Amino acid sequence: MILAAAKLATPNVNWLAVAPEIALAGAAVLIVLLRALVRRSRLVYPSALFIAFAGVLVAGGLLVPQWNKVQNHGAITTMAGMMRVDGFGVFLGGVVLVSTVLALLLAASYLEREGLEGPEFLALMLLSATGMLAMTTANDLIAIFVALEVLSIPLYVLAAFDRRRLTSQEAGLKYFVLGAFSSAIFLYGVALTYGATGTTSLTGIANFLAANTVLDEGVLLAGFALLLVGLGFKIAAVPFHMWTPDAYQGAPTPVTAFMASATKAAAFAALLRVFLVAFPLYRDDWQPAVWVLAALTLIVGSVAAVMQTDVKRMLAYSSISHAGYILIGFQAGTARGREAALVYLLTYAFMTIGSFGVVTLLGARDDRHSIGDYRGLSGRQPVLAGFLIFFLLAQAGVPLTGGFIAKLGVFAAAVDAGSYALAVIGVLAAVIAAFFYLRVVFAMFTRSDGDVGTATPARAARTIDLGSGAVLAIAAAATLVIGVVPGTLLQLARDATFGRLF
Amino acid sequence: MSSRDALDLVWLVPAFPIAGAIFLLFFGKRIGEPKAGWIGSGLLACSFVWSVVTFFALRDVTPRAHVRNVFDWFVSGGLSVKVGFLVDPLSVTWILFVTGVATLIHVFAIGYMHGDRRFGRFFAYMNLFVASMLVLVLGSSFLVTFLGWEGVGLCSYLLVGFWFERNAAATASKKAFITTRVGDFGFMVAMFLIFAKLGSLDYSTTLPGAHTLANGTATAIALLLFLGAIGKSAQFPLHVWLPDAMEGPTPVSALIHAATMVTAGVFIVARAHPFFEASGAAGEWVAWIGGFTALAAATVALVQPDIKRVLAYSTISQIGYMILALGVKAYAAAVFMVVTHAFFKATLFLGAGSVIHGSGGVQDMRVMGRLRKYMPYTAGAFVVAWLAIAGVPPFSSFWSKDEILTKAFDAHNYGVWILGTVAAGLTGFYMAREVYLVFFGNERFRTVPVVAGGADDEAPPDANEPVGTPPTQFDTPTVSYGEPPRPVLLTGDPHESPPVMVSAILVLALLAAIGGVLDLPFRSLEALNKWLEPVFADVKPVHPPSFLGAAALSTLSVALGVAGILIAWALYKDGLRDASRDPADERLGRAGRIFGHAYYFDEGIAAAVSGPVRRAADWLAFVVDAKIIDGAVNGIATLVRKSSDQLRKVQSGLVREYALGIVIGVALLLVWIVTRAWG
Amino acid sequence: MTAVVFFVFAAIALAGAVGVVLARNPVHSALLLVVCLVSVAVFFLQEQAQLLAAVQIIVYASAIVVLFLFVIMLLGIDRQEQWAEPIRFQRPAAITLGVVILAEIFLLSGGTWATGAHSTRGALERSGGNIKPVAQVLFTDFLWPFELTAALLVIAVVGAVVLARRSGQPVEFADELEAQAATDERDEEPVA
Amino acid sequence: MTITGSYYLVLAALLFGIGAVGLLVRRNVLVMFMCVELMLNAVNLTFVTFARMLNDRGGQAIVFFTLVVAAAEVAVGLAIIVAIFRRRRGATADDVRLLRG
Amino acid sequence: MSSSFPVLTAIIATPFVGALVVALIPKQRPELVRAVGFAATAATVGFTGWMLWHFKTGTAGMQFVERQPWIKSLGVQYLLGVDGISVFMVALTALLFFVGLIASGSITERLKGYTIAMLTLEAALMGVFLGLDLILFFVFFEIVLVPMYFVIAGWGHDRRQYAAVKFFLFTMAGSAFLLVGILTVAFLHQGDHHRLTFDLGTLTNWAPDGLSTGTSRWLFMAFFVAFAVKVPLFPLHTWLPDAHTEAPTAGSVILAGVLLKMGTYGFLRFSLTLFPKASVDLAPLLLVLGTIGIIYGAIVAAMQPNLKRVIAYSSIAHLGFVVIGVFSLTTQGLDGGVFTMISHGLTTGVLFLLVGVLYDRRHTYDIAAFRGLWRVAPILGGLFCAAAFASIGLPGFSGFIGEFLALLGTFLVHRPYAVIGAAGVILAAVYLLWAFQRVFMGRPDEATAAMPEINARELLAVVPLLGISLFLGMWPKPALDRIEPSVKALIQHVENNSNYRQPDVAKRVVRRAIAGVHK
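Protein chains in written order, with our numbering: chain A, 174 to 675; chain B, 729 to 1407; chain C, 59 to 250; chain D, 307 to 407; chain E, 387 to 905.
In case anyone wonders, no lab produced these hints; they're calculated from the structure.
Since the model is a prediction, treat every value here as computed from it, not as a measurement.
Simulated DEER-style distance windows between Cβ atoms: (1) 802/E to 1343/B: 25 to 33 Å; (2) 578/E to 1406/B: 37 to 45 Å; (3) 1343/B to 755/E: 21 to 29 Å; (4) 308/D to 131/C: 42 to 50 Å; (5) 435/E to 754/B: 24 to 32 Å; (6) 244/A to 1370/B: 46 to 54 Å.
Using 30 Å as the maximum straight-line C-alpha spacing, the simulated DSS-like pairs for lysine-lysine come out as follows: (7) 242/A to 458/E; (8) 810/B to 442/E; (9) 810/B to 863/E; (10) 874/E to 810/B.
Okay, the calculated bits of chain D under chain C, using three or more residues with CB under 8 Å as the criterion: (11) 308 to 315; (12) 328 to 341; (13) 349 to 356; (14) 362 to 372; (15) 384 to 394.
The C-beta atom is built at its ideal place from N, Cα and C for all residues, glycine as well.
My request is simple: use the sequences and hints to build the entire structure.
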């Protein structure tokens, strides 16, 4: 048996490449162990928290040498080609980890406040982040599929984590049912692609398609159409978006922030990689479809948000429309488009986590966020109101915020690629979006003459704790810096996408 | 100091009143009555003196024109406009009588405006008014003239609406400004056309260049300028503002009618006559409009009950003569008429002012009568001016009007000549009617029952009453045709005005009497004609009339004038038996009503403005703008909101529907894929 | 022989699948799912995936379906389901779309399904079991996803524990939520 | 007659379709979830069939991952279902609609 | 200060730094907030004055140019410069903000936020007029919306939410097309020259030849929409009356005085330079809309029952003159257009300030609520009267010079528009004098009789503006001398790149003179 095992040609593992995932998963496992072994100590939760942050920070720290290595020596392909660590992956890995650490910071105080302390929460979040990280570097449809599940399943649980709230459970259930459904569709797409090309490796597919002309391309086309559906579901592209408002609204707010930022980054990583690496030759087939998806996403996301009365739900819709902007960058299919998508994802992560961060702090115990409750906020909570106004304006794409640079990038990519109409739809969607951002802004800014009965005193008295404060400060600072001096970030994004993806 | 040096200082002429205006605007209230009035009058007198100096200086230079550019106003592209003054016989004639007459009116006003709470401001406006007029006539280019032209408009607005507490005054001032602005539109477009064709707006380059223009262009320019003239000179159809302008204090009316405003139209046509010369058709238009206005306004004046209103229509009529003269290219005659008219019309208005002042603010002639007994000097001056305007030789207007009619006849423009001649007869009648009703006949101001408490009719009426008094029935002292005679409130007898007023009237009356010597129709005595010759040198002379023919024509017009006077004498020599019944009106019957209502022209416009025009504007503002355009904007917003609501409905919360959404997406995506694979 | 087996079990599989959908009692659905899964296992056998066939029956047909049945019993929903469809058009739309999508897929396949390269991860054994070659691939080429599935299992355990743990008093917000929605709509100032 | 791969693939597609339609038409969450299993199963069949047609080991290996994923999903999914329906009657998906709009 | 002093950056940065300083002052110290606000705006006025002093007359090019790379990967630069077209807009902005803060003395509620918003707004507007990189310009163009939104929404009147949102969305929708247009120009240029740049100078040199006729027309229209909304041109104007009416006094002053000019400035700076051919071809569209604006704005203004709306609609009419002047593409027209931009800022500013004075006393803009105010408050009435006549375009005030030149320039090439536009001059008198009559004339009613006269602070805000308007009306030459070289260069650029030739009036005169000799 030992001999037989020895005969097995184990693939060459580049440990640097997998180290971040190991760090995250290791931290998660540690927390689980801690939870299992030490049952009744007050220290469990703080230590779990410490481990979680340590894990994320270590993982993040490991991205730095990865980046340097990748920049200096080219991409690392390892795990039998299942994994490809390149600038693109590292960059989005960074986005994921930044989102994770911010979401963790938010969650830390939120859980305490809501009496939901659970090391499991942290473990699940870390495991989900592991999946996301794996997704950013996955170079094989199966790896993507598994990573997709690794990131999704914890999210189902996390969405339903607040057991006292029916809405939280409902969010989990809906997300789960539809997530499983879309996974099945995605997997069928993988199957068809496999049948059509004989491989699930992205590079393999690309090479195959480059070397062979597939005469009966129907199965192939159907395959990647279904892949588009599966990933479109994760990024909440219309018409695969309908879970988003419900799941985002129902889930505990830090989870929503995490879902909105990190998941989107990971899913876009997969989407971009699959289509730009595996199917660049079929651009004419998928590009129009993506065009339509982007347009629909922009329009529906923005329009549907207009009449929302719940701020959290409105933000969910706005995240849908943001996906539309990123799709614009994807649709361009150029290096500029990829670059723009990356910039957008990072900026968006800061903006959206910032927004949800404020919402987290303002949420009542029932996690309702009626716009009426925000009335007069600038008087009661000037700092929080200021942050939220800033984040909302940034999301609206006001210049000198990251939101503008991000939008500028995708529009530039669209125009560069000749997709003028899509650019126009994008800018008009931004106008509609501005409408509902402004509604919230106005509500906060309106003079509160004490006529607002719904303002919960507890909420009014709530102070900003250290963690949340840090999140808001970091997110705001980042959004601002990106808006004012975007040079470094744009250069990073350019380095991340320099040349071909494979 | 050489003559040229003196002419270079011509800017002093408008500078005096401008300085006065600025000074009085800021310090008028502090200085108070009557010093403010004396300062205003004094500065104007300085201006007159300097005008005289300028006149003598100009006599010494050849050619008889001098341009003094003060500074570059603005330069844009090929357009260069300098603020400069053109001193030539035409402008000097104007500044002389303007400053002279205006000074006297100012002096008169010191008495007339006694007790007004805005005494200082009144003189500031008056000074500015004269200054604007001086800029207008002295301007070396169309644009500088236009500067004064608009300044005149502004001041007329301020002065007509001086007693703005009265709604009638407020409305009249607005009407004056807007109506003349219609004319200004013509002036502006004329300037555009002149610049487009001649590349400049200076008189010195454009006027000599006028003859190079195509006939049509010249006609267009001429008629557009004439539109401006119509507005300022209150000719048909833009005459409507002038009768209402009576709402201002009487010295203002005198200034408007005699010196500063209505003659501006005559001036601009005279100044720009090369364009009219270059155009064949423009002159005809001008002559006919002038003739028509002269006659029509005279008919309206026949039956007016208001002492000032008769004079107002008479002004329109007289200016009609001047315009007629311009139309038949009798420019010098027109200028002559302007000057004489300034004298007698100023006399008449100040006389009327004196009457109103002395009789407690009454303006209704039907309740006057036999006032010569109470105000003899005023009556004397008024009679002189009456004879002058009626064209009785040897008073001034005889000479000027006669010259115009002769020129019209010589120009073979017989239609116009007939209009003018008939109007001369009517002038005799209505002026005689006024004189008889006011100064002769029976005393009627005691026969009408006195209503207690009607203190609002006093002039100046409301300016001194405490704030917040409710408006009274008679907001304005002006009496319209068809209104019953108003009750009179007189605590004592009517009285003569103070010396400061009377002296001004008497000086003017003297001028009115002898003004004719300026231009007697005898060789070597045509002083004004000769003086103006350099200006109108380019006018093709009509063949000189035979002396006999001219004499015959004058005899005819004088006869008509005298006939008019006699008829009036017959009708009014005993005054009125019943103040509410006017014999002339009754004899004219329906025509009288039409005349009385000024052919319903003004009323028609008013009805149109408050009716269909207003409705159309309302429709534009509240239907087109608010409902359609803004409605479309809000409609888009509503559309988005409705769509949003629809999308919310789609988002039903039912997970199976969400799944259906995904499946629909898959199906559609595959449709596209199928078309790609099989297409 | 293979044809007969195929058609018989295809019929059974389809019947089972249709049965899952049509059975009004969830217990029946679960049992019919087993039928379907077992039939598929037969196809696995036919296609030289012996190990998979076994795993299919052990993991799927037994463990998973048992879990289903367990939950059905736990929730006490082993009853007839209302057959009425509350959502209008859901059924016709679902069936139409299902047919359309299938039609599209068949149209796209056009009879030639497998156009890909052969044996990219190594050929299958023609005779004998495929256990060894498949396992070999699993631990070499598919090492990374394999490692990731470890995380998946941790997740499944932790997730299930977290969710099923009975703690904290549930709060009913439903009524309040709806009331809030109503007031929200009233609060809204008309904009644009 | 020979049973080519296409037969299996068509069968798998049919199963997949039935599963998808089932998910749409059934109101019981558990049954919906079973339908997902049906779909995954169809995919498995597809993979195995392709593996045979392409003579590739990969296809079979992939099925293992599907199975693991399905198992994990079932564990978590059922936990969610239990958590949410423990206090309600029935397990009807349509009843869960606090969140909408 | 040396000549290399980055004065333009100082002009943008000063108010912004002021805003930051204000942000650090505690709420409880309103007097400090005010002091810093005044200091910042005054310093901006000072820097602007320095710039004006050192501005070289008689040259067309950009002066005080500052150039720094900003976003390298997109080739975006921090590029500032000022020429004759923008120099007075900068000055006007500095002045109006200074005056606006003086006029904001009645604002006590949330003064800090207000001051921050105003100062940010000033910085952004300065950036709009100084930015010479298309993206930089767009950044400022867009950012303007935010503080303006807050000024309206935070300190406006009853329908402020509606007005603020409408303003924001309307103008944002317009600039949406601008952004796409800008990107398109830059990328098409990149296609030709393999260098992505948004430098206006570079693109100006390339675009006229580099773009096909069709493309340049589309792009012109994209730019047009953005600028037309800002101007605003009929029928895209309906945000304006609402925004102006609901904004607080200083907000209205800035809106009318500066914000609207962003549109006309945009036409001058971008549309004409980048798309000269399309500008010539599509000028009739602009002329028609401008002319409609003149007449329509005036008529609708006349019918408004709300004094502020009257003035708001009058802005539509005034900007109509600017538009026809600019698109007459003649020296006089452009001179007049630019001059009217300045003049309108002054006169309408005064009118809004005075209406604000009324509002502070009576809390209404309803014309019917006032009567006979002149009697009660002679100085206020006199100033309003003067401002009204300045706005009407009375010679002697700046308004006349601008409108006259604009109409004259238009007349040279497109007579009907000029003639119709000139008719608008009549209508201006109608609506303003009518409103003036209703508010200030007649017998004062009791409510009006109790109103106090204008106070010293308010006078301090109003008088300088009116004084400058008078000065520029009497002696516009210094301004025109600085405007004209840039205007001429712009027309030269248009002529070089199209078959349009400005009519040379001077030549015509020479010809005519010769003809006259031969006659």
